[in-house]
Each structure stands twice: as C-alpha cells, then as structure tokens.
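J.: One letter stands for each residue in the lines below.
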Amino acid sequence: MDTPTSVEAHHDPHAHDAAHEHHELGFWRKYIFSTDHKVIGIQYGLCGLTFLFFGFCLMMMMRWQLAYPGQAMPVIGKWLPYIFGPSSMPDGKMTPDFYNSLGAMHGTIMIFAGVVPLAFAAFGNFVVPLQIGAPDMTFPKVNAASFWAFGVGGVIMMISFFVPGGPAKSGWTSYTPLADIADTGPGHNAIFNGQTLWLIGFIFLISSSLLGAVNFITTIIQLRAKGLTWMRLPFFVWAQFVTAFLLLLAFPPLEAAIVMQLMDRVAHTSFFLPAGLVVNGAPAYISGGGSPLLWQHLFWFLGHPEVYVLILPAFGIVAEILANNSRKPLWGYKSLVFSVLVIGFLSFIVWAHHMWMTGMGSAVSAFFQTTTLLISIPSVIILSAFFISLWGGSIRFTVPMLFTIAFLPMFGIGGLTGIPLAFNSADLYLHDTYYIIAHFHYIVAPGTIFGLFAGIYYWFPKATGRKMSDFWGKVHFWPTLICMNMIFLPMFLQGMAGMHRRWYDGGQGWNVSNDHTIWGLTGFEWNKPISWAAWIMGLAQLPFIFNFFWSIRHGEKVNDNPWEATTLEWTAPSPPPHGNFIGTPVAYRGPYEYSLPGRERDFTMQNEPIAPAERTRRKTPEELVPA
Amino acid sequence: MEIPYTVSNRPDTGLWNAKIGIWLFLASEVMLFGGLFSAYIFLRIDAPPGMWPHGLLNVPVGTMNTAILIMSSVTVVLAWASLKMRKYNAYWWYMLATITCGVIFLTVKLAYEWPQKFDHFGIYIKPEALGKYEQYLGNAYAAEKGLPPRLEITGHLHNRAAQNDPNIKEYEVALDPLNADPTNPEMDRPHFWPRSATEKIATIEKEDVQYATMFLPRHSAYFASYFTITGLHGLHVLGGVLVFIYMWLPVSKRLYQQNPEHLANRVEVSGLFWHFVDLVWIFVFPLFYLL
Amino acid sequence: MNNPPDISQDSKEYEEYAHGIRKHVRGYLMVGALLLVFTGLTVALSYVHFGTQKANIAVAMLVATVKAGLVAAIFMHLAAERRLIYRILIFTGFFVLGMFWLILFAWYDYPIFR
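Residue numbers (our numbering), protein chains in the order written: chain X, 589 to 1215; chain Z, 161 to 451; chain G, 3 to 116.
Isolated chain X (complex conformation):
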C-alpha cells in the first residue's frame, strides 16, 4: 500500500480541508452524540470496561463475606454504608439481603452491561466495518440509538443500587415466583424498587442489543467491499454475524418474559404465580393460574444462546490474533465457519439443560441431553483448529498473543467440565454448587475476558495510532493468569464436595463444607485462598488501566499495520478518519495469507491483487501431484 500514513495526512492542511469539507462537527456531535461507528465502538468499550470493573468490585466484596463471614470489612467497610445505604452494611458487616443483591447484580452487570457491550458491541462496532471495508454501519443513527438505549439501561441498573431496599436480589436469573414477590410490600416503592428497576433496565439493554444486531447483520450482508466474498471474510466477522443472529432471535422471548414479570409486579397479574401461593405464611391474594416454569423456559431460551453470545466474539478475536502471531493461515477456515454456524443453530435448542432440577421427564431430558452433547462437537472442532493453527508456526509472543494462548486451555477446561453437566444424572448432584460457578466462569472469565483483553491490546494501535506498553502488558498478563486459576480451580473441588453456590456464610455453618478436607483445607477454608487470589487479581488490573490511558497519549507511535496483519482494517489509516478508508478498498484474496511461498514478506494483505504468475501457479494442480 502506498497510501500516505495517517500522520502525514492529518498534518497536511489541504488533506484536512478535503476530509472535512462539508461537516466540521462540534465536540458534542463528534465525541458524545456521534453516529460514527468507531466513536460508538469506543464509547461502548469504555462503558463496558467500566461496568466490568464495577461488577468485579461487587464480587470482591462478596469474597470478603465468603472468606470471613460476619466480620466487619476492613478499611472500606466504614464507608460502604454511606454509599449503599445504612441497611446494606451496618458496621461494615454485610447483610444477607445485600449479599444476595451483590450476587444478582454481579451476574447481570458482568454479562449484560459488561461483556455483551464490550465483546459484541464495542469490538463489533469498531472492527467489523473496518474489516469488511465499509465506510460505516448501514444505519448510523440506529447505531447511536442502540448505544444510548444501552446507556439508559445501564444508568437504571445503577440507580437501583440507591433505592430503598437495595437492588435486585433474586439472582441474575430472577427466578419466579421469588422474583415476583421480592422488593414488594412496606418500605418499597411500587416502581422504584430493585427488582422492578432491574426489569425496566433490562428492557433498555435488550432493545439496545436488538438494534445493534439488526445493524450488524445488515452491514455484513450489504457493505462488504468489492471482492470480499463470504469465504474471504475474516473469522471474526463470521463470529460477529452469528452472534448478531443469536441476539436478534433469542433476546425477544426474554423481552416478552420481562414484560410479563413487569406486569406481575406492577399490574399484579399472575403470569408466573401459581394458584395457592403462600407468601410469609399467608395465602397470596392473587388470581393464580400462572407457571413459574414458563419463566424458566423463556429465560433460558435466551440464557443459553447468551452463553454463545459471550464466547463467539472471543473466538473471533482469538482466531485473528492466532493467525497473525503464528504467521500461518488459520487451520481449517471452512470448518471453523461451518462450526460456528452449527453452534449458532444448535444453541437455540439446548436451553432446558439449565432446568434438569425442575424434575422434567425422561423423553424431554433425552432430547436436551442429545442436543447439548451435539453442540460440544463444533466447539471442539473450533478449539482443535486453533491448536492445530499453532503447529509449525513461527510464533510471536506479543501481549495479545499471550492472552490468546492462555485463552485456549482455559476455554478447554471450561468446556470439558461442562460435559458432566450436560448429563441429567450427573447434573442433579453438581447443580447449584461451586462446580457450576467454576465451569461457566472458566468460559467467560479466563475465556471470554482473556479474548477481550487480547483484542484490546491488538486493535489499540488501530484506534489510537499508538501501541500499548509491552512491559506493562506482561505485568498485567501473568498475575491475571495465575490468579484466575487460583480462584476457579479450587471451586471445582469445593463444588464436588457439595458446597452450594448461594450460601451467604461461605459454608461456615454447614457440615458438608466442614467435614471433608481437600488437600488439608475444608471446603469453607478454601474460601480464603480464593478470596485472596481475587483481590490480588484486582490489583493486577491496575497496570492494565494505567497502560490503557497512558498509551493513548504516550504509547509508542506505530504505522498503520504494526502487527503485519493481512485483513482490511490494517489498510486504513490509524486512527481511521470519518469514512474509514482512503480510496475504495477491494479484496482480492482470503483473510489469512501468511507466509505465502516465494514472497518477500511473510504476509500478503487482502487488497493485494493476485499477480499473473501467482494465478498460474494456483491454477495448476498437476504441479502438486507427483508424476
């Protein structure tokens, strides 16, 4: 590419004038209420990271209660009652209700306000149009609306921390009938109570995702650059495409369920309340005729595709970085694409494996066990293809690559420990224990979040024109990796020893967690090393935060393609101007043409035309067959 680098283009006064001829936007329109996909992507990213850290803080508070139940929290315990209200932490000691709130809000915020906005919306918004050579998303205003709906939803979730009675406390799944009757009665406002605000906030978060999903799919279908056929799309785009379909079709039934739960709470209907319900020892004055199981079905109809919404973007990021840093084409591109499509399809018909404990019959269990095991096949294909991609590569251990390599075994552990849970009979024992917590956190915490960190380090130069510091990146990586495993590996053991996931006292008062020792510690005592690992991991994020903000202004300046990658986003200037590309991008070849034989450079960008010599070489298979 002989396009001028962005730095030169921006300092050239004429180029500047040409680019901003008819729209010099003010600060507010340019950085706050922008319709530019890059700005929206970065907004999503910053909000998502903030929510992730906030959700992590909630968890760190819970870990204190689990490790040292009933003891006053040191240092910050004094101040927390002033933030969350006096009834949350009297004298720095956590109340059971507040513990439940933290658990419910940790799950909700991490998934719906943290990972989905970051993995799907932030990376999708910033990277997808660049990777497909588009000037922007198809519907820029809808894109902005999606971000602001997310903003409103997030703010409502945050407001719910400060209403009388505290935020939602019925778990992130909000199972009925508990969630229908929580936060009602004396001392609670009819609308401004935790659970109702949770529902209202959720409606906004869902609407945001729906608008985003429509936009993503249309963009990928309509705005691919000339020559960028479906099988030339980077795998990340495929992953985002399937993710968008999952959001589009799985979220609305949950929205319906949330509207019904809202009706239950505000208009006192009985969608999810059975006849004869007894609340606080008295029969509830309700019409009844509803079904708690209906909520579970509609919730998990979203809930399971949601798991893949969390992991597929991480797959995509990992695929990009893996190919780039092993300097090899991704192994089995087509099987990866078909696997991700099959995952998307199957993920809609596995949901009831979250409901084994409801006592369903053998026929329906058999159906859902079968589909659940089927879905492990494409997942294993993807993971295997990633491992094989490493084989024989000349691997560069950059910071994004470190996170990516760590992702592979972490996701493997998370996935393989899920297999016992797919079987009804094994799940009956493990359900609602710490084993489950460890299993799905291995997928979303060291799995997805490592993928996201890798993506941030990888695309940071594209967004800012500067690289994040390698040194601080490694200081971030190693403690995070070690602490992650210190946190979640022991949880498998705790869970198999029978420790329940919702115990407020960490299992102190329960024999089952005290009468066995695992490697010299009882189930309850294991909480202490886990908690310490969590807090140390909290500290280990500080280098990342510092690195992130410091590098925006002071990082090492790099050219437009610092990683020597092949996909189209690296042909745009860094940071890309409004409209993204200088000239119209055209794709001539597949996304991962690394180390083509007979070339000077070990990477061939997608927009490099195929030379006539190359064409002949490609078109003679006889050459490949020894005579």
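Hints should not be assumed to be uniformly reliable.
Unchecked claim - Capping the alpha-carbon separation at 27 Å, the derived lysine-lysine pairs in DSSO-like fashion look like this:
| hint | chain 1 | residue 1 | chain 2 | residue 2 |
| --- | --- | --- | --- | --- |
| 1 | Z | 305 | G | 56 |
| 2 | G | 25 | Z | 247 |
| 3 | Z | 413 | X | 729 |
| 4 | Z | 247 | Z | 413 |
| 5 | G | 25 | Z | 413 |
Think of the hints as simulated: they come from the structure by calculation, not from any bench.
The model shown is predicted, which means the values in this text are computed figures rather than measured ones.
Add chains Z and G to chain X, keeping to what the hints say.
T.: Frame of chain X, contents of chains Z and G only:
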C-alpha cells in the same frame, strides 16, 4: 462519505439496506410475539376447567377494529403504489386514511374497550361455597349440558367501597344476564352482541369469595395475557402511526422532490412494519375474542 | 452507486411502468376485500360447533393462517422476494415453532403433571 445501497440495490443480494434491516427487525418481532403467544398457549392449556373465561369481550367492536386495521393495510400499500407511480397527492390522501384508521383503532381500544372492561366486576367463589350460589351459577345445568363449570359471578359492582373497606362484609352486584338467569340456554356465552348487566342484584358474602376484582389484568391469566398482548400490540400501532405522521408531514414532500424513490422505500419499509402489526392482530382477534 | 433507479422520463416506458403498478393495485384491493370476507367468516364460524373446542380452535387458526398468508404474500410482497429474506424468515419460523413445540413438549413430559 456516503453509505452505499441506501436507495439502490446491492447487485449480489438484490436488496437495499433498509429492506434487510426491517425484515431482520420483523424477525425479532416474530420472536417477541412468539414468546407472548407461547405464554398464552402454556397458560391456557394449564388452566383448570372453568378458569379460562369465554365470551367476555365485545365481538362486534373487535370485528370492526379488525376491519379497520385491514383497510389501513390496504391504504398503506396503495400509498406506496401511488409513490411508485409518482402521484404525490394520491399518496398524501392514502397516508391520511392510514393514519386515521390507526388513530380510530387506538381510540376504540383505549377509550371504549378497555375502560368498559375496567368497569366490570368478577367474583370467584370458593369451591366449598359454590352450592350456596347455585341460583346464580347454574352448575347443575352446565354439567348436564357438558359446559365447563362456572366458578365466577360477574356484573357491575354496586357498593364499590367494598373493594377496599374490610368492614363491608359483602359485595352487591348487578348481575350479568348469564348469572341472572343461569339455566336459560339463551344466556350461555358466547354471544355475538354484548349484553349489558341486568337490574337483578345479588349479595355475595366476602367470606365465600376466593378472589374478586374488576376486569383488570390481575383478574385472571386470560385478562393478563389479553391486556399484555393487546397493550404491546397497541404500542406497535402507536409507533406505526407516529412514523406515518412523520412521512405525511411536509418534510416528506421535500424528500419526494429530491429523491422520490427514497421516500417510496421509506414508505415500503414502514408499510412492512404496519402489515406485520396487522398480521399479529389477525391472530389476536380470534384467540381472545372468539375462542 | 447511490443514484435512485428513477422511473424513466420517456413517456412510453413510463406508461408501461405505471400500468404494471396499476395492475398490482387491483390485486391489493381484491386481497383487502378477501381479508374482510375472511374476517366475517371467522366470526361466523366461531358460533358453529365443530364437536370439540379443539376443533373450533383449529378451524379459527386455519382461517387466521390463510389471512396472515395473504397479508404476507401480497401486501408484504413475500410472494416474490429475494432469497436472502426467505432464508431469514425460514430460520425465524423454525425457531419460533421450535420454541412453541419444545416448551409444550417439556410441559407434558413432567411426570408430576401427567
């Protein structure tokens, strides 16, 4: 910078952007109403005999509203065709007709149908007290005829204070024809023409009452799903009307003069949404009014 | 690439184009009338007893499906649409029916409710 294919077709898909966008959006709407209808099916199948009311809605008004919505669907597609033929005046009038239909639909729903229901009272009798009110329920007659058991007495509440005042020990209800004359086959539900409450007043003691409320969403699983689904449907109608008003205002004339095909596309997209809203109603109407 | 494919200014071609649309308009009016007839039909049929309540529901749903099919095929132009849109709708239809079926399947399979 300009986003391609806002008006013209992309060659390989043969479609412009917003058309794919609206169909994807409608796909998610199908799943949204699908979730609500699956709840309807689930709750209805789950309902014990006699707990799924029948024939409580106003069928002629519902039929009229259905016809209005169908006619608005016709006018919106004619509006689009007029734009395609570059007849802005015809478009303007068809659009006005569509908007009017939408507004009539909403007005009938919100100003007539719903308030009428909110004014009606229903009392579920405790199972052990059903015999005491046999004169209003006619369960022997219903069993003989193979009808579902009657557990509820409906009508107009006379002593409205009884709803909230624990000192009032009974409800006084001006009975609906069915409860006023329960063994008369003429009075069996459903009827096409709605019948207003009679002059006959029954006194029902509160201690025999299982659950009593106006015909609000809280009345039963039936009314809960009726109000939720028609409410959400009504919001969609409102959204459609607002979009149509925007396209009918002079702003659209300016767009028409610049790029008539762009306006035609916008009308087509919002028309698709409107037809979908009509399509949902086509299922709502028999499920709640007739069956 | 963004120029609208405007109808031709050539009066003869314009006539042909407008004629095609006009033919469609007659179709729209007829479908509208048919939908009104079906509405009357479904109301009338609901007062006829087909043996069981289930049969009545089946008949009403059949009529509603025909009506919905007409709206989708003619008003929403699904009778002649691009393959991409059919694909989207086939998936959506599959998942929505799967959701109905699986929820009911699960419901009837609970031993305690049988």
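J.: For each hint, tell me whether it holds in the structure or not.
T.: Tested hints:
1. 305(Z) x 56(G): holds (18 Å)
2. 25(G) x 247(Z): holds (16 Å)
3. 413(Z) x 729(X): holds (22 Å)
4. 247(Z) x 413(Z): holds (12 Å)
5. 25(G) x 413(Z): With Cα atoms ~26 Å apart, residue 25(G) and residue 413(Z) stay inside 27 Å; holds.
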